[in-house]
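These protein sequence lines map, in sequence, to chains A and B.
When you line the first sequence up against the working numbering, it's residues 1 to 484, in that order.
When you line the second sequence up against the working numbering, it's residues 1001 to 1314, in that order.
Be careful, since some hints might not be right.
Ranges between beta-carbon positions, derived for each pair [stated by the list, open to error]: (1) B/R1035 with A/Y231: 13 to 23 Å; (2) A/A81 with B/A1109: 19 to 29 Å; (3) A/M232 with B/V1075: 29 to 39 Å.
Calculated from the structure, these hints are not laboratory results.
Using N, Cα and C, we set each Cβ at its ideal position, and we do this for glycine too.
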Amino acid sequence: MNAVDEGKRVQEAVSAATQAEAVESLYAKRVEIYPRAKIGERLAWFQKWRWATVWITQIVFYGLPWLAWNDRQAVLFDLAARRFYIFGLVLWPQDIVFLTGILIIAAFSLFLFTAVGGRLWCGYACPQTVYTELFMWIERRIEGDRVRRMVLDRAPMSARKFALKAAKHAAWIAVALWTGYTFVGYFTPIRELGAEMLALQIGGWSALWVAFYGFATYGNAGWMREQVCKYMCPYARFQSAMFDKDTLIVTYDTTRGEPRGPGSKKKGRADLGLGDCVDCGLCVQVCPTGIDIRNGLQYECIGCAACIDACDHVMERTGLPKGLVRYSTTNAMREGLDTRAMWRRVFRPRVFVYSGILLAITAALAVAVALRVPLKVDLIRDRGALAREADGGQVENVYRMQVSNTTEARRAFTVSVAGLPGLAVASEARFEVGPAAVASVPLRLLADAEQVAPGSHKIAVEIRAADDPAVAVRETTTFLGLRR
Amino acid sequence: MSDFTNVFWDYFVALITVVSVLGCGLFLWSQSKRRVKVGAGPDPDTTGHVWDGDLQEFHNPLPRWWMWLFYITVVFSVVYLILYPGLGTQFRGLLNWTSSGQHQSEVKAAEARFGPLFASYLKMDVPAVAADERGRQMGARIFQNNCAQCHGSDGRGSRGFPNLTDSEWQWGGGPEAIKTAIVDGRTAAMPPMAEAVGGGENVTDVANYVLSLSGSAHDSVRASRGKEKFAACAACHGAEGKGNPALGAPDLTNKTWLYGGTVATITETVTKGRGGVMPAWKGLLNEAEIHLVAAYVHSLAKPSQVAATPSATK
């Protein structure tokens, strides 16, 4: 018996077991899925798209921490120092509102893409999908494609099986550790981290996070795979709120395909009363979540379009028109819409609302980032002393300025006051703050005691960069007159 | 400390905790033994919930590893309750962990880490520490946390709290005098002197004389009348009004006034007396911290001299 026959036998046994009604525990043993990768001689259309997103996302993820900018790492989220560097932008904890903007943009992009194209994120860009794709590629290189893997897993342990499994896990762990190292490299300078790791002098927290993220990658992409989408991912479950009957989904054309059957060489399919589905089962074999798309839309479907590729390939070989399994909408299927009519329905209120909000928030964020003043000031009255007498019949108030220079260059600032007649700065009116540093600067204000009535007066303090008058912050505070 | 003064509540909480943990484990075990009909058959088991007349909830089995995660949480809580104090005051856990104990061990770790740094400054004399940039910054932080409440964040004081940035020192401004003031505090007591100077108008006369000592605006007729009455004040402030640092009696011949330099405020001072208290920081700050903050105060007063000293003191 050759490997292919053995594989078929196993597959039939498995599908028979899952089809029939059974008395089972509430906690079922997971059925291993062996998605088939090879469809034709070359990469199929959507396969190419998936690999393109794998390349793009991973080049960005693995490459970004190695870029340099202004003699530092270009992208670094320095949690200990609470500075977040993104190329020329230095964000401080006070800038958390920008993160909110980015999260809203991410959420509305997700809503928009899902409303139009279904689970595009899941199928093409989600790290779970991308790393599973990577790990399965490694697995195929070492153990072979679907049938070989099925046979290998059912074979008793042997030196060869052990060697293959060991090689696979070693390769997985290597990729996972590199991923963990890269991840931590976003939070602590990656070059120094690498040197520390080579010298085995890595700090406790860094080591923990490298190991944790590496383990999560290895576990999720190597072992958990579709279970993450089926049981753990909340997005998979609330996607239905964003779907409607005009959302593009991976669909099997039941009208055209049924009744399914292999057909015969002697008689035409029409004579046999058969639809276009030749029931080859390839769409099931390639499915990474192990479902049969011919049963209709299911929550397990991550929309990766592997079954479209598989079916198109078979249709081509059998000389039938492509698109038996295709991106289509519920309405297009039911009403028999052509492609143009289907696409025209993309323009519907839900899509306009999502796009409108997305555009508005994106524009608002861009404007806010462009107009942000790289200077933050907190003005605090001295708590111990109210007003005090000063020489020459003057009244003095004392403040502390917390001045944050959020640029990466040393900068001089001047301080000026307004709001009371004769109010003047008695402390240094010009001071410097180091690059990306905070300085606590005392501020002493004097006014003529005779001209300031007892009680509190509103005044304004303006801190301005000496080299750029546009960089200024105006803070209001109170000035207290002497009690008479 | 606690609202639950009766030991009954300890047992009550412990019982509820133990029963909950065991109950969770037991429930999980019984559910793992349950068998239900699943799949595409004609009559699968449902949870029995029906919505809208025909919507039923079928059983979709969880993966088995999920069940093991539940068991792990049960095991975790058992181990946790054995090691840590989770069962009230009657069983404090094998590790004897307390939050105050953790705090103390963290304080100890910090002392071990920063101790050498403090010790290195303790070996230097006050002007040398004041000239050291980091030493001065450390002193400044201690000052902001402990001294700024009265003396102001810029050290310029306020009414009744001396200005530390000028050249006037009620109790002497040398490094040792500053340190003594911080360690032991200072208590300045000016008794009410109205009767001693003759009371009534005489008090105002003395006040005018005191103002004349520093060349401030005053009524010269009153001042000349007050001059002889000032003899009562000379015991502390000296015949010339130059003060006495040993007693904390201020120099009256300059224009620095702790409580105000008008006829009205000086009259009030003479009539009612003044009591100024600087608390002792011994015990609140350790020796090295006092040394550092003394250096910072020293640097506030004489910035020009400090800048000139580093090479000489090293």
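Here is what the structure says about each hint:
1. B/R1035 with A/Y231: 13 to 23 Å: 21 Å, holds
2. A/A81 with B/A1109: 19 to 29 Å: 22 Å, holds
3. A/M232 with B/V1075: 29 to 39 Å: 21 Å, violated
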